[in-house]
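There are 2 protein chains.
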Amino acid sequence: MDINHTTVEQYLHEQIPLSKAIDVSVISISESGVILSAPLFPNINHRSTVFGGSMSAVAILAAWTFIHVQLQTLSIPCRIVIQNNHVEYLKPIQATFQAHCAAPPQQEWERLIKAVSKRGKGRVILNVEIYSEGLLVGKFQGQYVALKLEEAD
Amino acid sequence: MDINHTTVEQYLHEQIPLSKAIDVSVISISESGVILSAPLFPNINHRSTVFGGSMSAVAILAAWTFIHVQLQTLSIPCRIVIQNNHVEYLKPIQATFQAHCAAPPQQEWERLIKAVSKRGKGRVILNVEIYSEGLLVGKFQGQYVALKLEEAD
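Protein chains in written order, with this note's numbering: chain A, -12 to 140; chain B, -12 to 140.
Worth flagging that the hints you see were computed from the coordinates, not collected in a lab.
Given the structure is predicted, the values throughout are model-derived calculations rather than measurements.
One thing to keep in mind: the hints can contain errors.
The list cannot tell twin chains apart, which means a pair is met if one copy fits it or any two copies do.
As the list claims (entries may be wrong) - Listed below are the simulated SDA-like cross-link pairs for lysine to any residue, each with C-alpha atoms no more than 20 Å apart in a straight line:
1. Lys135 <-> Thr60
2. Lys108 <-> Gln59
3. Lys105 <-> Gln93
4. Lys126 <-> Gln70
5. Lys126 <-> Glu75
6. Lys7 <-> Phe28
7. Lys105 <-> Leu136
8. Lys126 <-> His73
9. Lys135 <-> Arg34
10. Lys135 <-> Pro79
When you get a sec, could you build the whole thing from the sequences and use the hints?
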C-alpha cells in the first residue's frame, strides 16, 4: 500500500468528512508512529483555544491511522473500531497542534497480529500525546479492535 | 439568562465552529439535563457509521452546555474547562444520535456551587449517555472545572 502522506490525508478527508472540517493534515507516517496536525481556527472555541472535542478527534484519528496503515502494509485488511478512550486535557491549546501516536511495544503489536491472523480479531491499546508550541498539552489512550476482512476494505 | 434552545444552539454554532460543522442541535435543556442531537451525514466515517470523534465531541458539548446554562441561570458566570474524559463506544451508530447529559447528584452540584462561590473554582463529574434508534450506543464521563469570572463571559 502507498503510505504517501497525501494519499492517506485524501483518504481521511474523503471518508471521514469531519477530518476535512477540522483541517487535519498528515505530518508523518512510519512504523514507529503517526503524527497528524490541525490548525487553531476551525477547532477554536469561545475562549479562543482549541475545543476539547477537536483535540480528541485528532487523537482518535492518529491512532486509527497508525493501525490502518500498518495493517495495510502487512496486507491484513481489517475493519478497525475504537472501543474506548481516556483523554487528559493538560493545557489550553492556543495554536496549531499535533497528535503523536506512538507504535505500541513490539510484543503488544505482535500479539495483535497473531490474534487477527489466528482468530480474525485482536485488540490493541495505543497512546497519543498532543503537542502545541513545543508543550505537551494533552494525552490520549484508546483501545481499538481490528476485525479481519475477507476482502480489502 | 434566556435558555431558549435556539439561543443556546446559535451560541454553540457561533462560538465553536465544529459544533456547526457536525450540525449539533439542542433538543432540550432543563435543570435535570441537556439533550443534544447530531445527524449521521457530517459525522459519517468510511464504514457509513458515526465517527467516534464526532460522538465524543457531541457528548463533550452536552456536558459543557449543562454546566454553562445552569451557572448562567444562577448568575455565576464561569469559564468551564474540561479536564479529562472517558468514553465507551458500545455499538456502531447508523443514524441520528442524541447525547443525554444528566444533572449530577444534588449534593455534587451543591458542592460545585459552594466551591465556586467560596474559592472561585470547583470541579464536577458529568455523565452522558448516547442513544441512536432507541439503543444505548455510547457512554461518556467527563470532569470539568468551573472558574468564576469577575464579569459575564
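Hints versus structure:
no.	hint	verdict
1	Lys135 <-> Thr60	within (14 Å within a copy, 51 Å between copies)
2	Lys108 <-> Gln59	within (15 Å within a copy, 48 Å between copies)
3	Lys105 <-> Gln93	within (18 Å within a copy, 50 Å between copies)
4	Lys126 <-> Gln70	both (17 Å within a copy, 11 Å between copies)
5	Lys126 <-> Glu75	both (5 Å within a copy, 17 Å between copies)
6	Lys7 <-> Phe28	both (13 Å within a copy, 13 Å between copies)
7	Lys105 <-> Leu136	within (13 Å within a copy, 57 Å between copies)
8	Lys126 <-> His73	both (8 Å within a copy, 12 Å between copies)
9	Lys135 <-> Arg34	between (43 Å within a copy, 14 Å between copies)
10	Lys135 <-> Pro79	between (39 Å within a copy, 17 Å between copies)
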